[in-house]
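J.: Protein chains in written order, with my numbering: chain A, 1 to 154; chain V, 1001 to 1183.
Everything labelled a hint here was simulated from the structure, so no lab data went into it. Each hint should be verified, as a subset may be incorrect.
Calculated pairs, DSS-like style, for lysine-lysine (alpha carbon to alpha carbon, straight line, at most 30 Å) [claimed, not checked]:
(1) K1108(V) <-> K1138(V)
(2) K1141(V) <-> K96(A)
(3) K1071(V) <-> K61(A)
(4) K30(A) <-> K1169(V)
(5) K1108(V) <-> K61(A)
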Amino acid sequence: MNRKTKKNIIIITLLLLVCAAAVVYYLYNKKHFSVENSEAATAVTATALHQTFTSDSVLAKNKFVGDEVNHKVIEVNGEVAEIKKDQQGITIILLKTATDDAFINCTMEGKAGNINTGNKIAIKGICTGYNFDADMGIPGDVIVTRCFIVKRNQ
Amino acid sequence: MKQVILFFLIALTCCSSSTAQRYFTKNGSISFFSKTSVEDIKADNNQVMAVINTQNGELQFSLLTKGFHFKKALMEEHFNSDYMESDKFPKSTFKGNITDISKVNFTKDGTYPVTVSGDLTLHGVTKKNTASGTIAIKSGKITGTSKFIVTVADYGISIPKIYRDNIAKTIEITVSCNYDQKL
Chain A
1 MNRKTKKNII IITLLLLVCA AAVVYYLYNK KHFSVENSEA ATAVTATALH QTFTSDSVLA
61 KNKFVGDEVN HKVIEVNGEV AEIKKDQQGI TIILLKTATD DAFINCTMEG KAGNINTGNK
121 IAIKGICTGY NFDADMGIPG DVIVTRCFIV KRNQ
Chain V
1001 MKQVILFFLI ALTCCSSSTA QRYFTKNGSI SFFSKTSVED IKADNNQVMA VINTQNGELQ
1061 FSLLTKGFHF KKALMEEHFN SDYMESDKFP KSTFKGNITD ISKVNFTKDG TYPVTVSGDL
1121 TLHGVTKKNT ASGTIAIKSG KITGTSKFIV TVADYGISIP KIYRDNIAKT IEITVSCNYD
1181 QKL
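Pulled out of the complex, with its shape left as it was, chain A reads as follows (with noise of 0.2 Å):
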């Protein structure tokens, strides 16, 4: 092997190795998805969504729910039937659906702004599926998060 050869050898080596170290350095520091600038993947109603939950668990999830590696982002229209904070001091707006005590729980990223008891409104979000536990006694909520509000007052 002649100097010349050995010498691209390395070069070429140098920058493979570059490259991965780059590619390792964009996949650690990769930031989260925009759920503002994505486009819902469906469009449902609170009440559908959460007959759906509770009547066809597989169903709702691979129509609602992303897979293990990708979120879902999904556009909910429903009427607010609370508004409060939760411990963090985040926007939490609960949509009614027929069950009582039962919502769709939907944790703010984008501002509520205007929003009153009563508005029908559409949210989008990140759907992480059903919390219902038959042990707890209580309606579970389905829960959606990083939401935004599209619509207002409809």
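With chain A held as given, fit chain V onto it using these hints.
T.: Quick look at chain V alone, frame taken from chain A:
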């Protein structure tokens, strides 16, 4: 006389059933923390459903594993796919008791240290766990907090070799729930 006794009996049953109270929240907080020399990893879940029975000390938690939010997107992906397998095991639960509930005076403001014991289910594996915590009463509002350690391997979670330096073998779990609703 019989009527008087009957009246007192009825009054007594009413009183005792009114103290059989269950309080709950659907937006409680659970976070975990992993510390190694390479990096610190923290994730929060603020949609924890929790119920406390102030009479017999029964305590239950349920959360959706996919609801844990990490600072870095890649960590969240790895957590859901490689470690917790959240499609297969979407929920994590705890079902147990405050074993010394009688120490807590729910009608008097204060912070009461308590012991919690029960079954913790993570990644489809259920194990007995005991932890210390506190119940704080302030103007009738109940807040429960606890901090405990979980060994990752106990719950069938294996960490690939290349991440052994990044993820701790034991994870610190912090629970904080304001039980602001009454059943």
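J.: If a hint holds in the structure, say so; if it doesn't, say that too.
T.: Okay, the hints, checked on the actual structure:
no. : hint                  : result
1   : K1108(V) <-> K1138(V) : holds (8 Å)
2   : K1141(V) <-> K96(A)   : holds (26 Å)
3   : K1071(V) <-> K61(A)   : holds (25 Å)
4   : K30(A) <-> K1169(V)   : holds (25 Å)
5   : K1108(V) <-> K61(A)   : violated (45 Å)
The structure fails hint 5 only (numbered hints given earlier).
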